[in-house]
Amino acid sequence: MFGKLFQKKKEDFICEKCGFQNQGDGYTNHCQKCLWSKHVDVNPGDRAESCRGLMKPVDLVNEGGVFYILHRCVKCGAEKRNKAQKGDDFKELINLSRKY
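Counting in our numbering, the sequence shown runs from 984 upward without gaps.
Hints are computed from structural coordinates only; laboratory data are not their basis. Everything hinted at is true.
BS3-like cross-link-like pairs, simulated, lysine-lysine; straight-line CA separation at most 25 Å:
id, residue 1, residue 2
1, 993, 1021
2, 1039, 992
3, 993, 1039
4, 1058, 1016
5, 1063, 991
6, 1039, 1074
7, 1016, 1063
8, 1069, 991
9, 991, 1016
10, 1000, 1066
11, 1016, 993
12, 1063, 993
13, 1063, 1000
14, 1074, 1021
15, 991, 1066
16, 1021, 992
17, 1066, 1016
18, 1021, 1063
19, 1069, 1021
20, 1000, 1069
21, 1039, 1066
22, 1000, 1016
23, 991, 1021
24, 1039, 1069
25, 1074, 1063
26, 1021, 1058
27, 1069, 993
28, 992, 1016
DEER-style ranges, computed between Cβ atoms:
id, residue 1, residue 2, range
29, 995, 1029, 15 to 25 Å
30, 1031, 1074, 25 to 35 Å
31, 1003, 1050, 12 to 22 Å
32, 1029, 1058, 12 to 22 Å
33, 1077, 1033, 31 to 41 Å
34, 1031, 1081, 26 to 36 Å
35, 1005, 1064, 12 to 22 Å
36, 1033, 1078, 25 to 35 Å
37, 1041, 1005, 18 to 28 Å
38, 1081, 1030, 25 to 35 Å
39, 1074, 1006, 11 to 21 Å
40, 1073, 1041, 15 to 25 Å
Glycine included, C-beta positions come from ideal geometry on N, C-alpha and C.
Required output: the full structure, derived from the provided sequences and hints.
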């Protein structure tokens, strides 16, 4: 049996990169302060990924007015994109968009 493609999980977490205390809302998938993520899901919210590597924000992509952060796992190289969220550090988003 296959798992659901999306499982909402409301979890607070401390960022392993910068130590910021993040308040989860069920869709939170990266640190609001430094934008780093963690490679924990095969499908959003399932926590089924065994890698557990940190995921570096490497690009900011605009698709039809929706901004996505592209993350690359520093352990296995996998790439995933996540929607930028209202509470994300705007300065970090701008800095990320200027990298390329």
